[in-house]
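Going line by line, the protein sequences match chains A and B. Here the working numbering is used: the first residue of the first sequence is 1, the next is one more, and so on. Here the working numbering is used: the first residue of the second sequence is 425, the next is one more, and so on.
Keep in mind the hints are simulated off the structure, nothing from the lab. Do not rely on the hints blindly, as some may be mistaken.
[Claimed, not checked] With a Cα cut of at most 27 Å, we get these calculated BS3-like pairs of lysine-lysine:
| hint | chain 1 | residue 1 | chain 2 | residue 2 |
| --- | --- | --- | --- | --- |
| 1 | B | K593 | B | K629 |
| 2 | B | K606 | B | K578 |
| 3 | B | K578 | B | K452 |
| 4 | B | K482 | B | K593 |
| 5 | B | K593 | B | K638 |
| 6 | B | K593 | B | K510 |
| 7 | B | K578 | A | K61 |
| 8 | A | K65 | B | K638 |
| 9 | B | K634 | B | K508 |
| 10 | A | K61 | B | K510 |
| 11 | A | K65 | B | K634 |
| 12 | A | K61 | A | K7 |
Note that the coordinates shown come from a computational prediction; the quantities given were computed from them, not determined experimentally.
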Amino acid sequence: MIKFLFKGLLRDRSRSLFPVLIVAAGVVLTVFLHAWINGAWTSVIQSTAHYSTGHVRVMTKAYSKEKDQRPNDLALLGIDTLMAELRHTFPDMLWTPRITFGGLLDIPDSNRETRVQSPISGLSVDLLTQGSPEWKILNIRNAIVRGRPIQNRNEMLISEELAQRLGIQPGQIATLISSTMNGSMATANFTIAGTILFGVGAMDRGAVIADFADMQQVLDMQQGAGEILGFFPDDFYHEDRATILTSTFNNQYQNSSNQFAPIMAYLRNDSGLSDYLDLISLFSNVIMGVFLFAMSIVLWNAGLTGSLRRYGEMGVRLAIGEEKGHIYRSMITESLMVGFAGSLIGTSIGLAFAYYMQVKGFNIGGMLRNNSIMIDNIVRAQVTPLSYFVGFLPGMLATVCGTALSGVGIYKRQTSQLFKELET
Amino acid sequence: MKRILFLFLSSTVMLLAQTPSGDEILKKVDRNMVTENKILISRMVIHGRRENRTIEAKSWQRHTNEAFTEYLAPPREQGTKMLKLKDNLWTYSPSTDRIIMISGHMLRQSVMGSDLSYEDMMEDPHLPNLYSAKVIGEEIFHERQCWILELLAKKEDIAYYRRQIWVDKSRFIALKENLYAKSGMLLKTMDIREVIEVQQHWIAKSVLYKDVLKDGEGTEFFVDAIVLDAAISDYLFSKAALKK
Chain A
1 MIKFLFKGLL
11 RDRSRSLFPV
21 LIVAAGVVLT
31 VFLHAWINGA
41 WTSVIQSTAH
51 YSTGHVRVMT
61 KAYSKEKDQR
71 PNDLALLGID
81 TLMAELRHTF
91 PDMLWTPRIT
101 FGGLLDIPDS
111 NRETRVQSPI
121 SGLSVDLLTQ
131 GSPEWKILNI
141 RNAIVRGRPI
151 QNRNEMLISE
161 ELAQRLGIQP
171 GQIATLISST
181 MNGSMATANF
191 TIAGTILFGV
201 GAMDRGAVIA
211 DFADMQQVLD
221 MQQGAGEILG
231 FFPDDFYHED
241 RATILTSTFN
251 NQYQNSSNQF
261 APIMAYLRND
271 SGLSDYLDLI
281 SLFSNVIMGV
291 FLFAMSIVLW
301 NAGLTGSLRR
311 YGEMGVRLAI
321 GEEKGHIYRS
331 MITESLMVGF
341 AGSLIGTSIG
351 LAFAYYMQVK
361 GFNIGGMLRN
371 NSIMIDNIVR
381 AQVTPLSYFV
391 GFLPGMLATV
401 CGTALSGVGI
411 YKRQTSQLFK
421 ELET
Chain B
425 MKRILFLFLS
435 STVMLLAQTP
445 SGDEILKKVD
455 RNMVTENKIL
465 ISRMVIHGRR
475 ENRTIEAKSW
485 QRHTNEAFTE
495 YLAPPREQGT
505 KMLKLKDNLW
515 TYSPSTDRII
525 MISGHMLRQS
535 VMGSDLSYED
545 MMEDPHLPNL
555 YSAKVIGEEI
565 FHERQCWILE
575 LLAKKEDIAY
585 YRRQIWVDKS
595 RFIALKENLY
605 AKSGMLLKTM
615 DIREVIEVQQ
625 HWIAKSVLYK
635 DVLKDGEGTE
645 FFVDAIVLDA
655 AISDYLFSKA
665 ALKK
């Protein structure tokens, strides 16, 4: 039966070509958009994790309430003990302490007077400890534009854009003006080891990277860290595992009234991305829904046109005794074939587009000039196993729905009228 | 009845005649508080959310708009110096061996983590130059008879648009001060706990400053030693003195 229907579809192209093309076009759009949204969102999550929150983040309860201001006066103290505890309790995670700081970078002239100043946004990460995961997490070696990575104490990396703005070269001295964790003014001289370009607008505007131990000393935070970040070793964010990890850790300190007791948060809630995540999920579903609806309407129309064209055929089939239900089911089977063929073609073309955009990407740096969202300037699509199947559901459903709606007409045909109709 | 009315009116007129205007009181406060040259050794106890810190400093002040301060303790701050010359403020830190000008938004930063900002340090101490005053009430504060003055800024670009000060009626020193933004929001409070008389001037010996927008118990400021009308070398009020 299926073979018979398949042959019929191949031989009568007007029954298959137009619906297949429509389904394929819709599926191309679905597959590509899915991969594109996926890629953009993965980029946001990875950049946010790497440069801001980690997959999970430990801070004090007081710090967590004002985390957007990165209040170092509320930082974690005694971090060696806490780090040891985290490494012992959660050995599968990579743990690394960080301090985020703000301030001014002051470049002296030949008389050691201020030549130029600029506000900076600083990140201190552990770069001088053997085996520190930060080199890989921040991809520092690949981000170097001029000079070299940090190798010694009192060295810093500054963003290439900032270096250009300040007219400073690697090897020159800059004075950092910031605040200690007690609020006193902190000043320290650093040698510019090199300049960096992460390709993330929010970081590249005015970022400064300094070694963690150096900044502990400058900011008077001995044994202190603003936050301790935890990363999954495969560098992918696993929300279910992060949630379990967070609740396990927080249960230990649940009853502590100490505002400086540690608390853990996971990326989705911590970064303020939860609303965006929900929005993106809704957006994806809306795209699928709109596609399904539009395709159904188009295919219903195609089905109606086809039914009109096949009006006589249906009449003959009814007249020779074929059941209405059988005819209806055979049309649905035909539509499944059309849907499958369209989905297959659409998925292939959509995946090809998606792979191309995964390699090439699209530079949106110009649109992110004043943006604080952590996202790569080059947004790429990301093909995942789901990309191979995501187009099939709407592709098949649309054809089936379209045929099911247009095929209802079969049941309205009166057998008593058939011969009269066929005579005319 | 006419006699009672006459007595009431005349006593009111006499009372009004006894109360000087706000601007007159402010000028007297200014005469008491502002001295030409002084050297003082002070202590700031900063009551933070986590711990208390004590900062000690020695200051040389001249003509009310020039000041040189050297921090004496704790060891981390020792040797840090500040120079104020009219509207300019420089700081020197021995660890960097650099003189850095404090300007722009840095002026709003706290001094050594206290409840005072650099902007507070830069303020013209002659309040009559900045504010017009009126008496809005009287109150006994710290067991002293006080006038309550409301000060409104004469110009727009000022840190505190409105102030309320409690002025000791006999010693002409502000014992309490509330500082407000133009929006009406209370920003800082100042409470003088101890007053001493030095060379016919009443000086605050112990003051509690509180930045209302900041957590913590405020900053206590103590004057440990003070010399008025002291001879101060011109050299101190130069940038060269910062590196000495």
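Here is what the structure says about each hint:
{"no.": "1", "hint": "B:K593 with B:K629", "result": "holds (18 Å)"}
{"no.": "2", "hint": "B:K606 with B:K578", "result": "holds (12 Å)"}
{"no.": "3", "hint": "B:K578 with B:K452", "result": "holds (19 Å)"}
{"no.": "4", "hint": "B:K482 with B:K593", "result": "violated (31 Å)"}
{"no.": "5", "hint": "B:K593 with B:K638", "result": "violated (32 Å)"}
{"no.": "6", "hint": "B:K593 with B:K510", "result": "violated (31 Å)"}
{"no.": "7", "hint": "B:K578 with A:K61", "result": "violated (44 Å)"}
{"no.": "8", "hint": "A:K65 with B:K638", "result": "holds (15 Å)"}
{"no.": "9", "hint": "B:K634 with B:K508", "result": "holds (23 Å)"}
{"no.": "10", "hint": "A:K61 with B:K510", "result": "violated (43 Å)"}
{"no.": "11", "hint": "A:K65 with B:K634", "result": "holds (22 Å)"}
{"no.": "12", "hint": "A:K61 with A:K7", "result": "violated (69 Å)"}
When the structure is compared with the earlier hints, violations turn up for hints 4, 5, 6, 7, 10 and 12 and for no others.
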